[in-house]
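> Sequence:
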Amino acid sequence: MDISRQIKQGITTGKLVFGQRETLAACSRGDARLVLVAANCPEEHVERMTTNHPNIPVHRLSMVNRELGSACAKPFSISSVCIIDAGQSDLMTLDHNL
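The sequence shown begins at 5 in my numbering and counts up by one.
It is worth saying that the hints were derived from the structure and are not from the lab. Ideal Cβ placement from N, Cα and C applies to all residues, glycine included.
Across the chosen pairs, the derived CB separations fall in these ranges:
id, residue 1, residue 2, range
1, Ala77, Asn44, 16 to 22 Å
2, Met5, Asp89, 16 to 22 Å
3, Gly34, Pro79, 28 to 34 Å
4, Gly23, Thr55, 17 to 23 Å
5, Ser74, Lys19, 16 to 22 Å
Model the full assembly from the supplied sequences, consistent with the hints where possible.
Dropping the structure here:
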């Protein structure tokens, strides 16, 4: 699966939020369906998310935060993306791995 293409499809047809604070806020509200984290996302963030929200699946990507920012068409690094609505993308079919 081409993750970059699926993320762009999700941005266009669904609802995704970017960044650690926004991801944690979406998880706390109960809006999150899946969280994608960059390969170099701080472990503290991943641990906080999995501890406080164990029912939300987390998928660690092979791309680093700069690549994830580029895949999200943002001019900055992104360490986590929260999928609220996957739209027409296949993001929800990703394995949930840490």
